[in-house]
Structures are given as structure tokens and as C-alpha cells.
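So you can see what is in the structure, the chains are spelled out below.
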Amino acid sequence: MNYQEVLKKRHRKYIIIYLILSILLITLFISSISLGTISVSFKEVIDILLGKSRDNVIANSVVKDIRLPRGLGAMLSGAALSLAGLLMQIFFQNPIVDPFVLGISSGATLMVGLVTLTGITLGIANTSPYILVIAALIGSIGVMFIITGIASKVKNIITLLVIGLMLGYLCSAIINILVAFAEKESIRNFVVWTMGSFSGFTWDRVVVLAIVSIPIIVSSLLISKPLNALLLGEDYAKSMGVKIKGFRLTIIFLSSVLTGIVTAFSGPVAFIGLAVPHLARLCFGTDDNRVLIPGAILLGATLTVFCDLLARLALSPVELPISAVTSFVGAPIIIYLLMQRRESIS
Amino acid sequence: MMLSTENLTVGYEKKVVVSDINIQIPRGKVLSILGANGSGKSTILRTLSGLQKPVEGRVLIQDKDLHKIPENKLAKQLAVVLTNRNSLGLLTVFEVVSMGRYGHTGFFGRLSNKDVRIVENALEAVNGIDLINRYVQHLSDGEKQKVFLARALVQEPEIIIMDEPTSFLDIRHKVELVSIIRKLSKENGITIITSLHEITLAMKCSDNIILIKDGRILDNGKPEKVITMDRIKEVYDIDDIQYKEFLGNHKGDNYDFLDISV
Numbered sequence: 046m047n048y049q050e051v052l053k054k055r056h057r058k059y060i061i062i063y064l065i066l067s068i069l070l071i072t073l074f075i076s077s078i079s080l081g082t083i084s085v086s087f088k089e090v091i092d093i094l095l096g097k098s099r100d101n102v103i104a105n106s107v108v109k110d111i112r113l114p115r116g117l118g119a120m121l122s123g124a125a126l127s128l129a130g131l132l133m134q135i136f137f138q139n140p141i142v143d144p145f146v147l148g149i150s151s152g153a154t155l156m157v158g159l160v161t162l163t164g165i166t167l168g169i170a171n172t173s174p175y176i177l178v179i180a181a182l183i184g185s186i187g188v189m190f191i192i193t194g195i196a197s198k199v200k201n202i203i204t205l206l207v208i209g210l211m212l213g214y215l216c217s218a219i220i221n222i223l224v225a226f227a228e229k230e231s232i233r234n235f236v237v238w239t240m241g242s243f244s245g246f247t248w249d250r251v252v253v254l255a256i257v258s259i260p261i262i263v264s265s266l267l268i269s270k271p272l273n274a275l276l277l278g279e280d281y282a283k284s285m286g287v288k289i290k291g292f293r294l295t296i297i298f299l300s301s302v303l304t305g306i307v308t309a310f311s312g313p314v315a316f317i318g319l320a321v322p323h324l325a326r327l328c329f330g331t332d333d334n335r336v337l338i339p340g341a342i343l344l345g346a347t348l349t350v351f352c353d354l355l356a357r358l359a360l361s362p363v364e365l366p367i368s369a370v371t372s373f374v375g376a377p378i379i380i381y382l383l384m385q386r387r388e389s390i391s
Numbered sequence: 077m078m079l080s081t082e083n084l085t086v087g088y089e090k091k092v093v094v095s096d097i098n099i100q101i102p103r104g105k106v107l108s109i110l111g112a113n114g115s116g117k118s119t120i121l122r123t124l125s126g127l128q129k130p131v132e133g134r135v136l137i138q139d140k141d142l143h144k145i146p147e148n149k150l151a152k153q154l155a156v157v158l159t160n161r162n163s164l165g166l167l168t169v170f171e172v173v174s175m176g177r178y179g180h181t182g183f184f185g186r187l188s189n190k191d192v193r194i195v196e197n198a199l200e201a202v203n204g205i206d207l208i209n210r211y212v213q214h215l216s217d218g219e220k221q222k223v224f225l226a227r228a229l230v231q232e233p234e235i236i237i238m239d240e241p242t243s244f245l246d247i248r249h250k251v252e253l254v255s256i257i258r259k260l261s262k263e264n265g266i267t268i269i270t271s272l273h274e275i276t277l278a279m280k281c282s283d284n285i286i287l288i289k290d291g292r293i294l295d296n297g298k299p300e301k302v303i304t305m306d307r308i309k310e311v312y313d314i315d316d317i318q319y320k321e322f323l324g325n326h327k328g329d330n331y332d333f334l335d336i337s338v
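Protein chains in written order, with this note's numbering: chain A, 46 to 391; chain B, 77 to 338.
Keep in mind the hints are simulated off the structure, nothing from the lab. Please read these numbers as outputs of a predicted model, since none were measured by experiment. We treat Cβ as the ideally placed atom computed from N, Cα and C, and that holds for glycine. You may find that some hints are simply not true.
Quick look at which bits of chain A chain B covers, simulated, 3 or more residues with Cβ under 8 Å [to be verified]:
id: 1; region: 256-270
id: 2; region: 276-283
id: 3; region: 286-299
id: 4; region: 323-336
Just chain A, with the same shape it has in the complex (with noise of 0.2 Å):
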């Protein structure tokens, strides 16, 4: 038997479904520009973004100061998501793991909660579009390496698991003791953050997003082979010749900027991070990570573009949180796929 034509069919394979998640997702994202109280057409909306219909100074303003910072920003922040909970999945070998289980995203609530409610400004001036930003940076990072000091004394991954779930409940703790003494409309901002939104992208913060996360993209493509390595265990992975204790590094340091910063521009996004690697791993077929990686971004670029629509659309002129859309939509298709197929994921 010729290996190399089964190879030849599953990239066929790969390639076909890399071309739908596309198609897919441009036509959500334009449907997600098009769409909303004031209706744009498909066709007004292309020739808005090609800069051929000036005329209309309202749909001009509302697909291109609006909606098309929006949908990028919802677009880069569910590709961001998906990533950093593939990362974590690869990484603590488990396939339960998304960023918000091991307390990373708390870290990033409760910096963002010292700032909005307590006005503790690190140094930055209140009105800085970044101090959100850096807040939820530190916060995550912080907790991340408090993780993986813990990660390279404790081998059991079940023991890591909870240490992370207590420090997301120690932040908790923190943040509830600070909601007490803030001013109500202080926690009025608090707490329309973390039902997240996004609402807030401007092309500020949509450039400050694409500046951090698509380098951190891009480099993820290219640990792909390590990552592999990595499936087999460390143990394999070291004698194959990577070396672990940078790799680890490597790899919390692009998931932790991640998720911080898609956690300070949008809120806390649930479900994305955890259940997209899934979805993705199903559709594919695999678990190799060259495959997955893209399949990962692509699937949750276009799952978040459609969630966000869901949320502008569905109670409109009610905006819904996002992470209610994300695991009311979300949820249904994994257990469906899962209950379909015969191999488990895990």
C-alpha cells in the first residue's frame, strides 16, 4: 500500500474544509456588517468597504466606524480564544482545560476590578484606551505564572486543576469585597464587563488587538511540530530532542497574551476557548496540531462572528451577553458531533 496517497486525500480532505470555514466566515462577517437596525445590503456594504458609495453618510458611518470594527474585533478575539484554549488543552494534556478553568481570565476580572471599581489607575491616566488592557495583562500573566511555579512542582494535573480553580475563587473573593465598597455606578461598569461584549471595539482597540494577537497567531503555526511532540507526553516530547522548560514558557506566555488580551477589550468570552478546539478536532478528524492550529482560528473566528450577530439580532434592540450566546450555541453542536461520532476526543 502507498502511503503518501492517503496523505494526498486527507490534505484534500484538509484543504476542502479549510475553504468552507473561509466562505463560511466571510459571509457571516459581511452579514454581520450588513445586519442590525439600520439594514445595510450585501451589496451597499462591499461597495461601502471599496470605498465606491459615499453618498450614504449614515450607512457609511454605521458599517465603517461601527460594525466593521466590530466584526474584526469580534473576528480576531474568537480566533485569540480558540488559540489559547487549544494551547492550554496541549499543554495540561487535558482536554477539560480552557483558560477560565485554571483562574487566568479571574486574574484578568479582578485587575480589570481594581481599576473600574476601586480607580486604582497603576500609574496611567484613567482615560488611556490601554489601561484596561494592561490590567487585564498583568492579571492574567500573574496568574498564569503562579500556575505553571505550581505546574513545575505538582506533576498531577487533577492537583493543578483545582489549584487553578481556587485562585479563580480567591480572585472571585477579592473582586466581591471590592464590588461591596465601590460606588454603584462604578459596579454598573464592572459588571456589563464581565457579561461580555463587543460592543466596545473601536479602531483603537481593534489595532491594539490585531498588533498583539496576530504576530501571536502567526507564531503559533510555526510550534506546530513541537506541539505535536508534546501529544505523546513530555517525556516523549524530551526525547525526541524538544526542549521542555522553554517550550513550556513558550507556550503559557502566547496563551496568557491571549487570553488577556481579548479578556480586557471584550470581557470574559466563555465557552469559546474551551469547546472550539473540540468542534475543530472534530470536524478535521485529528489532533495533529498542523492541521488543528488553523482549523482552530478559522472555526472560532467564524463561531464568534456568528454568536456576536446572535447577540445584536436576536432581542434586538436588547444587545444579549456574548458568553450566553457563545454557550447557547455552542453547546448543543458539541454534544451533538460527540454523540455522532465513535471516537472520543479525549
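Starting from the known structure of chain A, fit chain B onto it as the hints suggest.
Chain B in isolation, oriented as in the chain A frame:
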């Protein structure tokens, strides 16, 4: 010598598990380590394979200190087959075995035609070519063991270290694995170091056997010299009464008692 040790003491941080290990293994020979559960067999193998540092002493591969050899170079000299298995989700046999080409492929791990052939040849060598398209999670323990041995083979190493490769296998797979080990050492010149629980199998496949007891090497030499009834009783703490209760008054040649293990 392909692999040797100099006054090696193995353990975890400061805790010594086995000390004063001085062994020499020539190219293409099979060395088996026997000892009771918890005697330190796995710790020795992990240290010999570079997965953990020695407490004292050195491990040498062709007279070079193993811990001074860069990881990627070491991977082309030495491969491992371990007992701990990750859940391999949706990885096929081909994908798992081809991971052994890690040190031989480029940045993205793209396999050349030659790499694919090496993977196929390795699976043929372990009688596992029929498994190539299957998910590893669907295989039996015996089949999985063949896959992991094939993964080690595609690293094209000179030494393979195997930790309890016959555990959980039925008799057919145990015998098959031992004959593969024998073939790899004789025909391919690969040096194999392994730990085993089955004394008969160790005798069949090994050129040398090491007995471990109470944190030291009790005996080291050719199977027929090392394996005696008294030695085995000593290594596994079996007394005469236990023996008779299990075997009755069975009498035969010197090695009849060994059948209890297979």
C-alpha cells in the same frame, strides 16, 4: 561500548534509589533489568535515557557524557518506549509513528517520501503495517506497544530503552514483542535496554541481565549465570513455603519454577 555507566547513582533530587551502577553494554546487545516492584528499574531506565539527571556518576554513550549531548543529537542516538501513555485522541498510527521523525524533519515537520517509507518500514518491522490508518485509541495494548516501538525505530537510534514493554500484554503479544526485540538487536544492531517482570522472557531475549535488590545491583551477567532459583527467591523475597504452596512438590530441571511468570 555503546552505553556505559560510571559509579552511577539514580534517584530523585537527593533521594537515592539505586547506587553504584557500573554497567557496560556493547552494540547490538540486549540488557534486561529484573527486580521487584519499586526496586528502581524505571528510575534507572529514565536516568540512562536522559529523562532525569543522575544523583551521582555519569551515563556515557560511546564514551560521551549523555547529559552533555544536545537534545536533538541525542534523539538520533537514543529512543524510548515508556509505560506512561497519554490519551491520544484522534491521532492515527501513522501520525504517532511519524512523530519519531521529529529530529529528521524540517521546521514544520513536513514528511518527505523517504520519511514516509521509513515509517512504513518501521511498522513492517514490528508486524504493524496493517494498523497504519487506525486511530491509536482503538488499538489493543499489544498493538499500541508495537506502535510505540515503531515510533522509537523511526528515530533511527542506536539504542532503544524500553520500560516494562510486556506489561498488560497477552502471551501471544509478549512472545511476539520479545522476538521483535531479538531481531532488532541481531539484524539491525540496535542496543536494547529493558525492564521486564517475566523471568523466562528475559532469559530468552537478553544477552545480559541485571538483578536489582535493596538499592543496589545484586548480580550482573549472562542469563544462565545470573538466573538461579536462590537468586530469584532473593530478588523477589519469595520464601520456600510460598513456593511450595504455589507449585506443590513439582520437580523438574533448574528453571521449571520460572514458568510461573508467563
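Legend entry - Stated coverage of the region 323-336 of chain A by chain B [criterion: 3+ residues, CB within 8 Å]: Satisfied; 6 residues make the cut.
Inset, instruction - Given that the region 286-299 of chain A was listed as covered by chain B, double-check it with a C-beta distance under 8 Å for 3 or more residues. - result: holds (count 3)
Legend entry - Residues of the region 276-283 of chain A with Cβ under 8 Å from chain B, three needed, outcome: This one holds; 6 residues, not fewer than the three required, reach chain B with a Cβ under 8 Å.
Inset, instruction - Quick one: see if chain B covers the region 256-270 of chain A, three-plus residues with Cβ-Cβ under 8 Å. - result: holds (count 3)
Of the hints listed earlier, there is not a single one the structure fails to meet.
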